[in-house]
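**Student:** Listed below are the residues making up each chain.
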Amino acid sequence: MTVGIKKAARPRKMSFPEGVYLVEIAKALWLTMSHLLRNIVRQEGIRTIEYPEVRREMPPRFRGLHRLMKREDGTPRCTACFCCPTACPAKCITIVAGESPDPRVEKFPVRFDIDMLRCVFCGLCVEACPLDAIRMDTGWFTPPDDSREKLVFTIEMLLEKRG
Amino acid sequence: MTGPLFDLAVVLIRIGVVFSFCMGLVMVFVWAERKGAAYIQDRRGPNRASILGWTAWGMFHPLADAIKFLFKEDFVPDNAHRAYYVIAPMFVIAPVILSVAVIPFGPDVSIFGRRVMLQIADLNMGFLYVLAVSGMTVYGIVLGGWASGSKYPLLGGLRSAAQMLSYEVSMGLSLVGIFMVFESVRLSHIVLEQGELLFGVIPKWGVFVQPIGFILFLTAQYAEANRTPFDLPEGDSELVGGYHTEYGSFKFSMFMMGEYLHMVVSSVIVATLFFGGWQFPYLHDTGFLFPGGFSVSLPEIVVLLMRCGSIFVKSLFFTWMYVWVRWTIPRFRYDQVMRLGWKVLLPLSLANVFVTGLVLLLLER
Amino acid sequence: MEAFLFILFGAIAVGASIMVVTRKHPLASALHLILAMAAVAALFVLRDAHFLAAVQMIVYAGAVVVLFVFVIMLINVPEDRLPVERITLFRFAAVIAAGFLVVEGALVAGRFGMPGGHVAGGGTLEAVGRALFTDYLLAFEITSVLLLAAVIGAITLAKKKI
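Protein chains in written order, with the working numbering: chain A, 1366 to 1528; chain B, 3 to 367; chain C, 566 to 727.
It should be emphasised that the hints constitute simulated quantities derived from the structure, not laboratory data.
It should be emphasised that the depicted structure is a prediction, and the values quoted were computed from it without experimental measurement.
For glycine and all other residues, C-beta sits at the position ideal for the given N, C-alpha and C.
Don't take each hint at face value.
In silico BS3-like links for lysine-lysine, alpha-carbon gap of 30 Å or less [to be verified]:
| # | chain 1 | residue 1 | chain 2 | residue 2 |
| --- | --- | --- | --- | --- |
| 1 | A | Lys1472 | A | Lys1526 |
| 2 | C | Lys589 | B | Lys153 |
| 3 | A | Lys1435 | A | Lys1456 |
| 4 | B | Lys345 | C | Lys725 |
| 5 | A | Lys1456 | A | Lys1515 |
| 6 | A | Lys1392 | B | Lys345 |
| 7 | A | Lys1435 | A | Lys1472 |
| 8 | A | Lys1435 | A | Lys1526 |
| 9 | A | Lys1456 | A | Lys1472 |
| 10 | B | Lys153 | B | Lys70 |
| 11 | A | Lys1378 | A | Lys1392 |
| 12 | A | Lys1515 | A | Lys1526 |
| 13 | A | Lys1378 | B | Lys345 |
| 14 | A | Lys1456 | A | Lys1526 |
| 15 | C | Lys724 | A | Lys1378 |
| 16 | B | Lys206 | A | Lys1392 |
| 17 | A | Lys1472 | A | Lys1515 |
| 18 | A | Lys1435 | A | Lys1515 |
| 19 | B | Lys153 | B | Lys74 |
| 20 | B | Lys345 | C | Lys724 |
So, partial list: chain A residues that the calculated Cβ filter (under 8 Å) puts toward chain B [to be verified]:
| # | residue |
| --- | --- |
| 21 | Ile1390 |
| 22 | Thr1397 |
| 23 | His1400 |
| 24 | Asn1404 |
Let the hints inform the model, and build the full structure from the sequences given.
**Tutor:** Dropping the structure here:
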């Protein structure tokens, strides 16, 4: 095997007016000044989103925090079929099933906890649900909090959320 | 109201006004820096701190910073040389405040029939005093760097020493031309001279008679103030925080204040030496007198206010210039700084002195 | 007032100078050297030698000592490896003797009168400039040639190949 020499591109040598810097600096100053003036005159031109007051428009398929859907009578749509914890790769969903008072439905979740610190927001639980009882369309990220316990969302919290 | 009491009052008022002017400008400067940087980079900048719901375009942020610094723990690292560590920030701030003393902020005015200079001290050695005093600022940085007892600050201090030394030479030499043209180092005299007209049309400002001197001096001032493109002593990308890495709370804030104060003072000096100080173009003691023979007479108080306002606006422009340049030009490499200082600025300033002397000699003939 | 200031700054200068030779860490010595320089500059101001005072601050305090500090920091000897020198009785006596020598010299010089170094107009910039470029022009030029020689010598020593 022969070892070749590869010529790397060297930076182009500066021409004299460029080497003096002054003209180039003046050009650069003009550029920054034009940005400044434009942003003072037209505040809308600034792309920054002022977060707590203004929220970014989320794309329709964005997977945010989960919510549980309700039937017309207000009971959870979930029947504790355990499809979502089975599908969950992070094992963050805990369901405890109970016998439903409604004769048409066999079971209902007594507990439905999602550990938001473990959740990877993959959306497989939504895919797995046969009843469209869990959705991830709230458009919120995991909120910050000061204890791990507060970030385990219970069934009440999940039912409250709106899409 | 005459006698020594009057003199004392005048001195105290002058010191108070000038000091609070500079300190106030520092506050505004910090705000302008953050907001200006944001707008130049298409961001919004500080806009949260508010008093009773009024944010004043983020103007309260420097205030909030100051309060935060005041209430932080005053920490001294274990490795630090304690006494020197404490002295260093003072070394940065004191010389800068001292050097404001010789800057004239307006023409002589008469109050109660007495002539009063709008200048704290009209020294015979004039600008040499500024050079002598501002040379001391380097010790604050060097001392801070060494006394922190840590590697990065030491490197920052080292760089600062070398850089200040290199640029002080060309800073002094670049002004020799100005002193030759106006035949004085006394700042009040230099400003008076700049009230004349060149060829009967343009004001005889330093920048018109010494354009190269102006560029050299401005560059050297940026290097002296440790300001981007010459902010290697701080060099956050390679030295963490440079000489003030180990500093916190109000000591750090004093370093900051010293740095900004240095810039404010040097802008006032640039305005004084090269842009006519308090001179307003074509404005004489009695009113405007334009080259075409056209004149507008103004009352004395208006003339005075316009003149004091003139140096204020000029200083504001040059402080803004510091911000503007900072967000335009990236930091030099260390060898580039040294090359620029010794191989470009120094020969150019020497050539400038020579050419100025030659021209003055030929004009005299 | 002037006498008080003279004594004050003189005391600072002497005290700082003593600190320069007695401090253990070289950087502390250098810092006290600055203080001594500044005090001497203040003494110059008291004698109306404003130019000399400014130059003292610019050149000595502002540049020469910065170079010292630069070199000290560049070498940066760790504290525990700094050489220790003790004040022996002999050295103490030598300092006292040197002090006597200075006083004696001053007395002798005072007897014969100082050489005529008086400049019209005192130590202002104009007076010093005029004197330098008229009466003492030759000395001034010779000094500059001497400095040039020193610069060239330094470069030849530092760089083998130019």
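**Student:** A separate judgement is required for each hint: does it hold in the structure or not?
**Tutor:** Structure-based check of all given hints:
| no. | hint | verdict |
| --- | --- | --- |
| 1 | Lys1472(A) - Lys1526(A) | 22 Å, holds |
| 2 | Lys589(C) - Lys153(B) | 21 Å, holds |
| 3 | Lys1435(A) - Lys1456(A) | 24 Å, holds |
| 4 | Lys345(B) - Lys725(C) | 20 Å, holds |
| 5 | Lys1456(A) - Lys1515(A) | 18 Å, holds |
| 6 | Lys1392(A) - Lys345(B) | 24 Å, holds |
| 7 | Lys1435(A) - Lys1472(A) | 15 Å, holds |
| 8 | Lys1435(A) - Lys1526(A) | 11 Å, holds |
| 9 | Lys1456(A) - Lys1472(A) | 21 Å, holds |
| 10 | Lys153(B) - Lys70(B) | 27 Å, holds |
| 11 | Lys1378(A) - Lys1392(A) | 19 Å, holds |
| 12 | Lys1515(A) - Lys1526(A) | 16 Å, holds |
| 13 | Lys1378(A) - Lys345(B) | 19 Å, holds |
| 14 | Lys1456(A) - Lys1526(A) | 22 Å, holds |
| 15 | Lys724(C) - Lys1378(A) | 28 Å, holds |
| 16 | Lys206(B) - Lys1392(A) | 27 Å, holds |
| 17 | Lys1472(A) - Lys1515(A) | 27 Å, holds |
| 18 | Lys1435(A) - Lys1515(A) | 23 Å, holds |
| 19 | Lys153(B) - Lys74(B) | 24 Å, holds |
| 20 | Lys345(B) - Lys724(C) | 17 Å, holds |
| 21 | Ile1390 | 6 Å, holds |
| 22 | Thr1397 | 5 Å, holds |
| 23 | His1400 | 5 Å, holds |
| 24 | Asn1404 | 4 Å, holds |
Violated hints are absent here; each numbered hint is respected by the structure.
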